[in-house]
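Trainee: Chains Y and H, in that order, are what the protein sequence lines are. Position one of the first sequence corresponds to residue 1 (my numbering), numbered consecutively onward. Position one of the second sequence corresponds to residue 1 (my numbering), numbered consecutively onward.
What the hints contain is simulated information worked out from the structure, not anything from laboratory work. All C-beta atoms in this analysis are idealised placements derived from N, C-alpha and C, irrespective of residue type, glycine included. Treat each hint with caution, since some may be false.
[Unchecked claim] Stretches of chain Y that chain H covers, calculated by requiring three or more beta carbons in the stretch to come under 8 Å of a beta carbon on chain H:
1) 22-31
2) 45-51
3) 64-77
4) 87-94
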Amino acid sequence: MKSLLTSLILVLILALGGQAQKYITKNGYIRFYSDAPLEKIEATNRQVNAALDTQTGDFVFKVLMKSFLFQNATMQDHFNQKYVESDKYPNATFVGKVTNLKEVTFAKEGTYQALVEGKLTIHGVTRDVKIPGTFEVKNDVILGKAVFNVAVKDFNISIPTDVVSKIADTIQVTVDVVVEKLTK
Amino acid sequence: MPPQTKPVIRVLLALVVIGVIAVAAIYVFIYNKPHPDFEKMKPAFSVNASDLYQAYKTNTAVADKKFTGRFLEIAGTVTKTEVSDSLVIMVFVFEQGPAGESGIRCTVLPNYKGSARLLSPGTFVNIKGNCNGYTGSDVIMEQCSFTR
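Excised from the complex, chain H in its bound form (with noise of 0.2 Å):
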């Protein structure tokens, strides 16, 4: 073997180990990265329960580009506790209606579905979670967790 080639196939080895190094590296941290630590985050901002709910029952729109997709912490009195199959929910009523409830429903994390499922209604809470919008009934927010 020529002594100019053993340097060329060095180059290219270790350029052929960059590129597999680049590929596994944008698999895992881009296109295979995991959600958030939502226990950990930060809220946005904060919200009076009640004013979130008039928010979006006075103007969906408007509340949808102030709102939806923000991770929020709210405010207020819990209603209730539900539990459907795996689901923890924690229910803020803020009207009933001819279609049922209406108000706040907030799907909890699994590290909290023990105390939220101890909370006696009337509890006043601080909870962060996703704001997800609005169904025309209730505003509905996922991965809640306890901030107080």
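Pulled out of the complex, with its shape left as it was, chain Y reads as follows (with noise of 0.2 Å):
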């Protein structure tokens, strides 16, 4: 449902009128980097679909669980079956705004601070978070960039004991988007 919703979401942002500049991509990048006292692991994931409407600022992306990469195969299964249970909820979606629209000038080159605030749905759990990132305008594309940390008990998500050392409280996600103009 939270899927099909997101979905409609995207649709409807990106079927809106003639003025609005529609800009997409499918191949977002996202990271995300645990520093534990045992152990530092990263997985990334080169398939994030991400839309900005440059006129009104809603800005969203999805994001399949099951394709994040790590190095290690064993933590690769533990994050799908016992940490986000993938099987369950397959994707990550993050639905918002660019709330200071005002300071960011799509239609002009050059390097805009933004916030984008907006709801976070991991492990079926939503939060609203408050995201500060850039957006740098640069031969007819956007380039979309930020950086922030969620906990993962915020979201549901339990390490067990035995791992406890090796997986740190609070995750650094890393978000790199390259959206170009959609052209129909």
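From the two separate chains plus the hints, produce the assembled complex.
Mentor: Dropping the structure here:
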């Protein structure tokens, strides 16, 4: 149901009237990094769907959890089967808005500080988040970048006691998307 | 040292050595196991690319149970190949909508990047890879390689 909702939001955002400028990507990048006492763990996903409406500031992204790739196969299995339970909750989503839209001139090349606020859903739990980042407008594409922290317990992700010293309570998330104008 | 002590020490030493070997084996083969060799893996079954896409679009929950997390072979006509940073992605487009194209996106294994980039649009291919699920617009496959 949530997957359908997000798709609907994505379609609604992108079906807005003629003046809206819609930018999308299907190859966005998200990395998360855990720095724990006994181990550093990193996973990357390069198949992130993201969409931006430069007129309204609406910004959404959606990512398949199974597409996060770890160097260690055991950690990848544990991530999917035990931590995020990706069979039950296959996607993570963000639905939000650029709240300082007046300070971001998407029509002009340059780098702009942005604040994006919205709802982040991971493991079936939705939280309100405020994420500072940047938008760089360059050569008809928009590069969106942000780094923020996520506390695993906020999303009901339980770490077994035997690996608790190997996985941090707070995970650093890096988002790096290059969105291009949607051409019909 | 009493004569019965030496055999006891030998047994204890042997147990310590066995214990160290066991821990090392657990670390190497269980905790630190490598990813499978996807090039050599046999697909669980084959499916037509269009049928796979339609299955997810029609009923994602049912398609998830059948296909998500499985290593599949798909057969279909490639629409295009995208290159993005270090990725080469074969794309099968089945629909155009207000949110862009929809279909199947297959990220190719490193050894197959060259041949994937040379594919002409409209080429019929058989490829295998891990089916990771459906984003609401595309079926995502990873670790893809050509089977024929």
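Trainee: Any of the earlier hints contradicted here, and which numbers?
Mentor: The structure conflicts with no hint, since it agrees with every one listed earlier.
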